[in-house]
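A.B. asks: Input sequences plus hints: build the corresponding full structure.
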Amino acid sequence: MSDIRTMIWKETKDSVLQGGWSASIRPLILLGILGIFSPWRIGPKWLALTPLAVAIVLVIPLLVILSFVGDAIAGERERHTLETLLAGRVSDRAILLSKIIVTTGYAWGTALLGLLLGLIVANLTKGQGSWEFYTQVDLLLETLALSLLANLLGVSGGVLISLRSATVRQAQQYLIVATLVLVVGVVLALKAVPAEAIASLSASQFWLIAMAVLAVLDAILLGASLVSFRRSHLILS
Amino acid sequence: MPEPIIRTEHLSRSFGTVKAIDDLSLEVPAGIVFGFLGPNGAGKTTTIHLLLGLLEPTQGRAWVLGFDTRTQADDIRARSGALLEFAGLYERMSAEDNLDLYGRIYRMPAPARRARTKELLTHLDLWDRRRDLVGAWSRGMKQKLAVARALFHHPPLVFLDEPTAGFDPVAAAALRDDLANLVAREGVTVFLNTHNLTEAETLCAQVGVIRQGKLVTVGAPDALRARTGGPQAEIVGRGFTEPMLATLRERPQVAHAELHNSHLLIALRGEGEMGPLVSLLVHAGAEVEEVRRGKASLEEVFLTLMEEEQR
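Residue numbers (numbering that gives the first Met the number 0), protein chains in the order written: chain A, 0 to 236; chain B, 0 to 310.
Now the in silico label distances, taken between C-beta atoms and shown as ranges:
#1 B/Arg-69 x A/Ile-119: 55 to 63 Å
#2 B/Ala-29 x A/Val-176: 50 to 58 Å
#3 A/Ile-119 x B/Arg-184: 52 to 60 Å
#4 A/Ile-175 x B/Ala-29: 52 to 60 Å
#5 B/Glu-233 x A/Arg-163: 54 to 62 Å
#6 B/Ala-204 x A/Leu-111: 53 to 61 Å
Below, simulated SDA-like cross-link-like pairs (lysine to any residue); rule was C-alpha separation at most 20 Å, straight line:
#7 B/Lys-117 x B/Leu-181
#8 A/Lys-12 x B/Lys-141
#9 A/Lys-12 x B/Asp-131
#10 A/Lys-44 x A/Ala-54
#11 B/Lys-141 x B/Arg-130
#12 A/Lys-12 x B/Arg-112
#13 B/Lys-117 x B/Arg-128
#14 B/Lys-141 x A/Gly-74
#15 A/Lys-12 x B/Arg-103
Examples of chain A residues toward chain B, derived with CB under 7 Å:
#16 Lys-9
#17 Arg-230
#18 Ser-231
Honestly, the hints are just simulated from the structure, not real lab data. Cβ atoms here follow ideal geometry from the backbone N, Cα and C, with glycine treated the same way.
C.D. replies: Put into structure tokens, the structure is as follows:
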């Protein structure tokens, strides 16, 4: 646990805080779209978490992940810091899990901050009247849970891709392809399910199934990353 | 006799059909700087990877600090320091954060980390720049910081893989001085990979010479000189002729003689007294201005060994 804490400290210093102003612009723009622009355009309905609002809360943090995760392993390899790290006493697992925790936390933090900003902006668009919280708290919690699982999926898959890429550029190219495959896959999967079957599900049941599918995919990708992240493989690559 | 800090027995590592390390049996005593000399691609870096347990040997075994590299690699890495081929510093972090990270990795308490950072950075004249991002530093400064990082947690053994490679002579000499001071002060054993013979001659109590994965020889630099290159003499003057050289070559104490401009270079056998040789030259009509005696440099020893291996 102490190793993971140390590596989280390092990841936060090296990746999140030290990228400089230019590196912060993209996440800030994405946060602006999620927390300010979208609630302002959708207006007070944002507080009811319409399907469009939920989709934005789910997708924007994934874009944040896309801008960071390619660097996770391939970046360290490119900057020759990985070999030195592997020659030290910190475990493979601590190195990998810290990267996953920090990137997932950063993306999920963006979702939380975006929802908080959205709450303020949506209330401001209402004009006069009392301040309201999100009207469906259970949907808010389900959205947050789904966002966490989706982010973990994005990060685990991203780290796996970064692990197998020689350079950050190559990792980013693979990530774009993987994202397209994922989007097309989800659309095709939803189309393959009979419309009556989807219609017969309550909203809560639908969310639960989506979460269960994501949890299984998370476990598979996380397991694959842990298996692939081995010192001897990384030194040879 | 104390247990060697590094011991390998018939250690081999292949990559496909290429044997990077071939039947390496070696013992490194504690408390010295051991130079592992060899040309590029000789297998020096692979040896460090094997000793740190980052790679598994194809055959043979190795023990470092008494731990088996196959089964106790974590213990080895927990007790040693390493500066590998690249400095491996986090360039978006400050110098003190880079050292602090490795202090945390080696579970040093915060006050000890702060004190050690100050001690090492002050010693290396980097203390005033401790808050700079390392990316803004010169290559020499980065390499000094990387040396400090390798020694940060007081390891009894440090692996250094060509620490001055690619440096200009002045920067390399400065880094070597820093390295020598630090190593003497800290009392660590150093396994130093190098193809720089000056470095090996300056720093190492023992050297091992490796070529194409095979250990060619091992010993103290002086012992290697005695084994491969005997004493030498250089005579400066005028009027040296081919017949004089032929006569010299016939003398039992002369192993080899050759003329370079007005410098006559003679490789001697045994102690090889110079008086009779100088007298012979003067009587034959040469004008001798200066006679210098010396030992073969490690570079000459190294080249001789490489030539012998190639034959």
